[in-house]
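Colleague: Sequence:
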Amino acid sequence: MPTTATASTAARPAAPYLWLLRAAVLAHAALLLFEFATAGQLVSGAFGALPLHSTGAIVLHVTAGIQFGAAVLLWWPGRGSALPGVLSAVAFALGFGQAYLGSHRILDLHVPVAMVLVALVTWVLVWSWSTSAHHNRS
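Plus 15 on top of the position in the sequence shown (first one is 1) and you've got this note's numbering.
Just so you know, these hints were derived from the structure itself, not from any lab.
Glycine is no exception: its CB is placed at the ideal position from the N, C-alpha and C atoms.
Hints are supplied without guarantee of correctness; some may be wrong.
[To be verified] Simulated restraints on C-beta separations: (1) Val58 x Pro92: 39 to 49 Å; (2) Ser59 x Ala30: 38 to 48 Å; (3) Ser147 x Ser59: 35 to 45 Å; (4) Phe51 x Gly80: 31 to 41 Å; (5) Leu67 x Leu109: 35 to 45 Å; (6) Leu65 x Val101: 30 to 40 Å; (7) Ser147 x Gly60: 42 to 52 Å; (8) Ser145 x Gly84: 35 to 45 Å; (9) Val126 x Leu41: 20 to 30 Å; (10) His149 x Val58: 17 to 27 Å; (11) Trp34 x Gly63: 31 to 41 Å.
Build out the structure end to end from the sequences listed, making use of the hints.
Modeller: In structure tokens form, the structure reads like this:
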């Protein structure tokens, strides 16, 4: 029969994995804000912001990959929910489509896809700080 401390520990994902996910998704969200700021400059005609926006996209891809990796670690071996992993995988993949659309100036799709990315990252951000993040995947 497990002790109370053991049962409590078994009901939670490993804390380091959850904190890694929280840090990664916070960085991802902050970079999305940066991308929106530079996109706003581009829309207002400040085309000098294009190198910042392009570089931000590369950093965003790297951060999305880190977020996905952290979400996978939370799920396995951390015994956490698979939900942030699924959402992070979709955001990571969608980011490549987003970059393609932006680099080919297909803005009528680039902008709505950016909004979907924000929704996915926000979902993971809110989930990671919610009480459901502290329960196992049972």
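Colleague: Now look at each hint and say whether the structure bears it out.
Modeller: The hints, checked one at a time:
1. Val58 x Pro92: 39 to 49 Å: Since Val58 and Pro92 have Cβ atoms about 44 Å apart, the given range 39 to 49 Å holds.
2. Ser59 x Ala30: 38 to 48 Å: holds, 44 Å
3. Ser147 x Ser59: 35 to 45 Å: holds, 40 Å
4. Phe51 x Gly80: 31 to 41 Å: violated, 20 Å
5. Leu67 x Leu109: 35 to 45 Å: violated, 21 Å
6. Leu65 x Val101: 30 to 40 Å: holds, 33 Å
7. Ser147 x Gly60: 42 to 52 Å: holds, 44 Å
8. Ser145 x Gly84: 35 to 45 Å: violated, 21 Å
9. Val126 x Leu41: 20 to 30 Å: holds, 24 Å
10. His149 x Val58: 17 to 27 Å: For His149 and Val58 the Cβ distance comes to about 41 Å; the hint is violated.
11. Trp34 x Gly63: 31 to 41 Å: holds, 38 Å
Going through the hint list in order, the structure does not satisfy hints 4, 5, 8, 10.
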